[in-house]
Amino acid sequence: MRNLFKGLALAAALWSFAPATAAAFPDADKPITIIVPFSPGGTTDVSARTLAEFLEPELGVSFEVVNRPGATTQIGSTALSQAEPDGHTLSLASLPSLVMTYVDEARQAPYDRSSFTPIAHYISGANLLAVQADSPYKSVNDLVEAARKKPRTIRMGTVGLMSNGHLPGIALEDTAGVQFAFVHFNGAAPLVTALLAGDVDVAINGTQTTIPHIQAGKMRAIGFFGERRTAFLPDLPTLRDQQIDVAAPSSFAVIGPAGMKAETVEILSNAIKTVIAKPEFQDRLTALSLESNYMAPDDLATYWADFEARQARLIGLARSAQQ
Amino acid sequence: MSENLSLLLSGFGNALRLENLVFAFAGCFLGTLVGMLPGLGPSAAIAILLPITAAMDPTAAIVMLAAIYYGCQYGDTITAVLFNTPGTGGAAMTAVEGHMMAKQGRAGTALAIAAIASFVGGTVTVGLLAMIALPLTSLALSFGPPEFFALIVLSLALVVTLGSSSTLRGLITTVFGLILAMVGTDPVMGLPRLTFGQMHLLDGVAFIPVIIGLFGVGEILKNLEDPTNSFREAVVSKLRITRDDARRSAPAIARGTVLGFLIGIIPGMGTIPAAFMSYVTEKRLSRTPERFGTGMIEGVAGPESANNAAANGALLPLLTLGIPGSGVVAILMGALMMNGIVPGPLMFEEQSDLVWTLIASMYVGNVILLVLNLPFIPMWVSILRIPYSFLFPVILGFTIVGAYSLANSQFDLGLIAVFGLIGYIMRKLDFPLVPIIMTLILGPMMEGGLRRSLEMSQGDFTIFLQRPITAGFLTLAVVFLLLPLMSGVRRRLKRASTPVSPGETD
Amino acid sequence: MRHMHPTYTITAIVLLLVAGVVGQQAVSMRFYTVLGPGAGFFPAILAGVLALLSLGLLYQAIFRADTLPEIGFVADPLAYARIGTVLVALMAIAVFIEDLGFRPMMALFFFVMFAVLGRHRLVLSAALALVLTFAYHFFFKGLLNVPLPSGAFGL
Numbered sequence: 001m002r003n004l005f006k007g008l009a010l011a012a013a014l015w016s017f018a019p020a021t022a023a024a025f026p027d028a029d030k031p032i033t034i035i036v037p038f039s040p041g042g043t044t045d046v047s048a049r050t051l052a053e054f055l056e057p058e059l060g061v062s063f064e065v066v067n068r069p070g071a072t073t074q075i076g077s078t079a080l081s082q083a084e085p086d087g088h089t090l091s092l093a094s095l096p097s098l099v100m101t102y103v104d105e106a107r108q109a110p111y112d113r114s115s116f117t118p119i120a121h122y123i124s125g126a127n128l129l130a131v132q133a134d135s136p137y138k139s140v141n142d143l144v145e146a147a148r149k150k151p152r153t154i155r156m157g158t159v160g161l162m163s164n165g166h167l168p169g170i171a172l173e174d175t176a177g178v179q180f181a182f183v184h185f186n187g188a189a190p191l192v193t194a195l196l197a198g199d200v201d202v203a204i205n206g207t208q209t210t211i212p213h214i215q216a217g218k219m220r221a222i223g224f225f226g227e228r229r230t231a232f233l234p235d236l237p238t239l240r241d242q243q244i245d246v247a248a249p250s251s252f253a254v255i256g257p258a259g260m261k262a263e264t265v266e267i268l269s270n271a272i273k274t275v276i277a278k279p280e281f282q283d284r285l286t287a288l289s290l291e292s293n294y295m296a297p298d299d300l301a302t303y304w305a306d307f308e309a310r311q312a313r314l315i316g317l318a319r320s321a322q323q
Numbered sequence: 001m002s003e004n005l006s007l008l009l010s011g012f013g014n015a016l017r018l019e020n021l022v023f024a025f026a027g028c029f030l031g032t033l034v035g036m037l038p039g040l041g042p043s044a045a046i047a048i049l050l051p052i053t054a055a056m057d058p059t060a061a062i063v064m065l066a067a068i069y070y071g072c073q074y075g076d077t078i079t080a081v082l083f084n085t086p087g088t089g090g091a092a093m094t095a096v097e098g099h100m101m102a103k104q105g106r107a108g109t110a111l112a113i114a115a116i117a118s119f120v121g122g123t124v125t126v127g128l129l130a131m132i133a134l135p136l137t138s139l140a141l142s143f144g145p146p147e148f149f150a151l152i153v154l155s156l157a158l159v160v161t162l163g164s165s166s167t168l169r170g171l172i173t174t175v176f177g178l179i180l181a182m183v184g185t186d187p188v189m190g191l192p193r194l195t196f197g198q199m200h201l202l203d204g205v206a207f208i209p210v211i212i213g214l215f216g217v218g219e220i221l222k223n224l225e226d227p228t229n230s231f232r233e234a235v236v237s238k239l240r241i242t243r244d245d246a247r248r249s250a251p252a253i254a255r256g257t258v259l260g261f262l263i264g265i266i267p268g269m270g271t272i273p274a275a276f277m278s279y280v281t282e283k284r285l286s287r288t289p290e291r292f293g294t295g296m297i298e299g300v301a302g303p304e305s306a307n308n309a310a311a312n313g314a315l316l317p318l319l320t321l322g323i324p325g326s327g328v329v330a331i332l333m334g335a336l337m338m339n340g341i342v343p344g345p346l347m348f349e350e351q352s353d354l355v356w357t358l359i360a361s362m363y364v365g366n367v368i369l370l371v372l373n374l375p376f377i378p379m380w381v382s383i384l385r386i387p388y389s390f391l392f393p394v395i396l397g398f399t400i401v402g403a404y405s406l407a408n409s410q411f412d413l414g415l416i417a418v419f420g421l422i423g424y425i426m427r428k429l430d431f432p433l434v435p436i437i438m439t440l441i442l443g444p445m446m447e448g449g450l451r452r453s454l455e456m457s458q459g460d461f462t463i464f465l466q467r468p469i470t471a472g473f474l475t476l477a478v479v480f481l482l483l484p485l486m487s488g489v490r491r492r493l494k495r496a497s498t499p500v501s502p503g504e505t506d
Numbered sequence: 001m002r003h004m005h006p007t008y009t010i011t012a013i014v015l016l017l018v019a020g021v022v023g024q025q026a027v028s029m030r031f032y033t034v035l036g037p038g039a040g041f042f043p044a045i046l047a048g049v050l051a052l053l054s055l056g057l058l059y060q061a062i063f064r065a066d067t068l069p070e071i072g073f074v075a076d077p078l079a080y081a082r083i084g085t086v087l088v089a090l091m092a093i094a095v096f097i098e099d100l101g102f103r104p105m106m107a108l109f110f111f112v113m114f115a116v117l118g119r120h121r122l123v124l125s126a127a128l129a130l131v132l133t134f135a136y137h138f139f140f141k142g143l144l145n146v147p148l149p150s151g152a153f154g155l
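Residue numbers (the numbering used here), protein chains in the order written: chain A, 1 to 323; chain B, 1 to 506; chain C, 1 to 155.
What the hints contain is simulated information worked out from the structure, not anything from laboratory work. From a predicted model like this one, the values you see are computed outputs, not experimental measurements. Built from N, CA and C at the ideal position, the CB exists for glycine as well. One or more of the hints may lead you astray.
[As the list claims (entries may be wrong)] Away from chain B, derived, C-beta distances all over 12 Å, residues of chain A: (1) G60; (2) S62; (3) G76; (4) H88; (5) D134; (6) D142; (7) G157; (8) K278; (9) Y294.
[To be verified] The following label-pair restraints were derived from C-beta to C-beta distances: (10) F153/C - D112/A: 29 to 37 Å; (11) Q198/B - Q179/A: 32 to 40 Å; (12) G472/B - G84/C: 48 to 56 Å; (13) T153/A - P468/B: 18 to 26 Å; (14) S10/B - K30/A: 50 to 58 Å; (15) P57/A - V22/B: 27 to 35 Å; (16) Q198/B - E64/A: 48 to 56 Å; (17) R64/C - G127/B: 53 to 61 Å; (18) L78/C - R385/B: 24 to 32 Å; (19) L18/B - R113/A: 55 to 63 Å.
Throw the hints in and build the complete structure from the sequences for me.
Structure follows, in structure tokens:
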């Protein structure tokens, strides 16, 4: 029924605008909607709103941010995949979550990679490994050695089963050839509590929610999952710095539905590039503990494909480890 | 301690500055209005107002957001009592007795006692937060997954043995709620469970649409059986609190405050179990437990104070550890961050000025709410004088906007219709509604807590016996479950002992 | 002993069906894992308990009907038509609100509620519906900035 109406509306739209199909993007009378597949108030939501605020004068068209949270971004991603590819409906996607929803077949997502158009890579980040300040583990290698001696005893807390926090742990297990005892929480708040209380030995957590506890002297970070070090903790070595070949970055990218015109994608991508380069925009991101990392559509597509292959393998490993 | 006191006093100095008072008033008023709309709870209100407060002076922003937080809770009580349309689980407990009181023409009394109970629960616990926040932190940290699991099991045991649900129909409702709670992504494999291919169910059955449907829409459907005969004849706009009301409410408020605060400081528990536990306690301690469900004032006073006390308790992990204790607090924390304040363990030291102003303004907010709301009660109650045929479409309209705007989801709108029908049928067939609310909240907590505990111990169940708090709670739960069975057996034995030979009564 | 209680008999059968569906879903999931209860553990147990309780209710409805409350059926069949109308209207809003927009759907909804259920005059109902729709839109979208769907026609 929904699709019937969409079809009718689309037909009506095509009818009335048939001669004007060549109209340039963006249509100043029509706002651009950014679907945020997370609840309002979170970091992702705020970063999308900040981007929208700066893109508005850049493109001369009004922006509307609509939150469609739920099902690890599957609800928002579904809405995007069904939107018209005219460039007026975009989404800020969390690449790890988006890829997970369609790679894991049990979730029956009505979309896959071919349902989307990459526009611009926006933010890069990664998780870190945190331990209590007085923990015996001084480096990731200490942790790996301990796990090698006693498999499945090092309790490793994550922000959720099959989450952006779990899969880097699986990657570490795989590369180092050890086994941890994973304990899956519901988000960062209970995970941080559990690490402070000593209910887990180590936590895979985001930088933002860990740094205050490092500053307070309650926690220590022993390894960063990024490809490079983070500006917010410049002394924290990456896992690769510690001779463990694991990198599990998480990234946010602006994407659109499949079938967008190349010119439209280029206009949008260039606008995002210009905005990201502005110092006042950078200040706003820094306040949110976020680091921008612009990629053009083609680079993003390559990066996405590579990321998907790695993610699919990790999900397979995580599933086969379940008994 | 004296240092804290002087900091608190300077906090009051900040909170009582004229411009901050104005923001507190505005926040209370706005919060009450938004809270009255089912579905638009404090999280929605604070999220909506975040962009506005981001542009304000941090102190004023915090003062206003705290006031909104309280205002919403009180606003929710108003619609819960008047129309049986609670927008949160906490107010659902108030609705049970409060709406029955409204039907007897005691809506004013119910609202007044709710306002006073909220005030006491709020102000006393603000004081507790200021005095003993730091020592309590270690208590909050001693609640790991096993303790959490045990406490949830104890709560579930209380739901099962709760007077009204000890009947067959009560048990059916409890189990039905637990089955609903199983819908979603399971905590063991992370795979869809009982979702029937519907992605909107991957996070489970959304809680607020279920409450709105069961209570709000179900109530309207019941009233539409005979729309001319609504209860407005019974409206008495006086808000008289009799000596008897006061005598019965005072101990309930005291107990609710302590209980609510203790439950609130445990990260992840939230206000709903607090309100519920208080209700159960009042019912158990009452000399007339069978009259609960007919408009007992203790059932309004206790849960209301517990609700507010727990809401304040949930701020403890935020203030001392920088960890949000509930969803609303998480959004409050987002507001702090947008104002350039990083919540964390150092907040009490580095931003002590602001923290104490927040604590003081919570106190001030409670006072403002009380003075703001008591005079308005006759006005709220007089809404009931509007003929029902004009009133119900307006209420339905609010539930529609509320349910949709939670997640901009058409599916949630469908849910309120489906659960409205279920709520109507349950009312007709005399199935209690409250167990569903409780089990829907507690079910996933129980399963998640069990799984996490066993992940910690790698499948070793002795983890539940090694930790004293856990073992204690679990023992209590077993006792609560066995008590009714034992008394039942004893009664049967007594009845059977005379005519039947002793050998058969084993 | 009285006659059986038809309403509760039907209720018990429906609940038995629910238990059956849940049980059937549960058996396709792992009952137990190395680390304790599996995904199907609690659903299976709950389905079993619900089935038992439903059988109890069935027994009560057929053989102990006097222990169950009388259901106050409404003599007026229109009452059920009214309840049905509200449910259908809610479902209609759920299905069409994003395609047709908030304002047209709400105006229609309010009109039906006032005219059909409230039995107000058509003109009054239409006027109330328009005023309320405008007021809601102004309050929620204008003042509170709640994103309400505008539909294919931009209303």
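Evaluation of the provided hints:
Interface exclusion of G60/A from chain B stands, the closest Cβ pair being 22 Å apart, more than 12 Å. The Cβ of S62/A sits about 15 Å from the closest Cβ of chain B, beyond the 12 Å cut-off, so the non-interface label holds. Look at G76/A: its CB is around 9 Å from the nearest CB on chain B, not clear of 12 Å, so calling it non-interface is violated. Non-interface call for H88/A relative to chain B: holds, since the shortest CB-CB distance, roughly 17 Å, exceeds 12 Å.
Distance to chain B confirms D134/A as a non-interface residue, since its nearest Cβ pair spans about 15 Å, more than 12 Å. Non-interface call for D142/A relative to chain B: holds, since the shortest CB-CB distance, roughly 21 Å, exceeds 12 Å. With a closest Cβ-Cβ approach of about 9 Å to chain B, G157/A is found to fall inside the 12 Å limit, against its non-interface label. The claim that K278/A is not at the interface with chain B holds, since no C-beta of that chain comes within 12 Å of its own (minimum 19 Å).
Even its closest Cβ contact with chain B, about 24 Å, leaves Y294/A beyond 12 Å, as expected for a residue assigned away from the interface. A beta carbon spacing of about 32 Å between F153/C and D112/A agrees with the range 29 to 37 Å that was offered as a hint. A hinted range of 32 to 40 Å for the beta carbons of Q198/B and Q179/A is consistent with their spacing of about 35 Å. A hinted range of 48 to 56 Å holds for the C-beta pair G472/B and G84/C, which are about 52 Å apart.
Take T153/A and P468/B: their Cβ atoms lie about 23 Å apart, and the range 18 to 26 Å holds. Distance hint check: the CB atoms of S10/B and K30/A are about 53 Å apart, consistent with the given range 50 to 58 Å. Distance hint check for P57/A and V22/B: the Cβ-Cβ separation is about 33 Å, which falls inside the suggested range of 27 to 35 Å. Q198/B and E64/A have their C-beta atoms about 27 Å apart, which leaves the hinted 48 to 56 Å range violated.
Between R64/C and G127/B the Cβ separation comes to about 54 Å, which falls inside the hinted range of 53 to 61 Å. Look at L78/C against R385/B: about 25 Å separates their beta carbons, and that is inside 24 to 32 Å. The given range of 55 to 63 Å is respected by L18/B and R113/A, whose C-beta atoms sit roughly 58 Å from each other.
The structure is inconsistent with the numbered hints 3, 7 and 16, although it conforms to all the rest.
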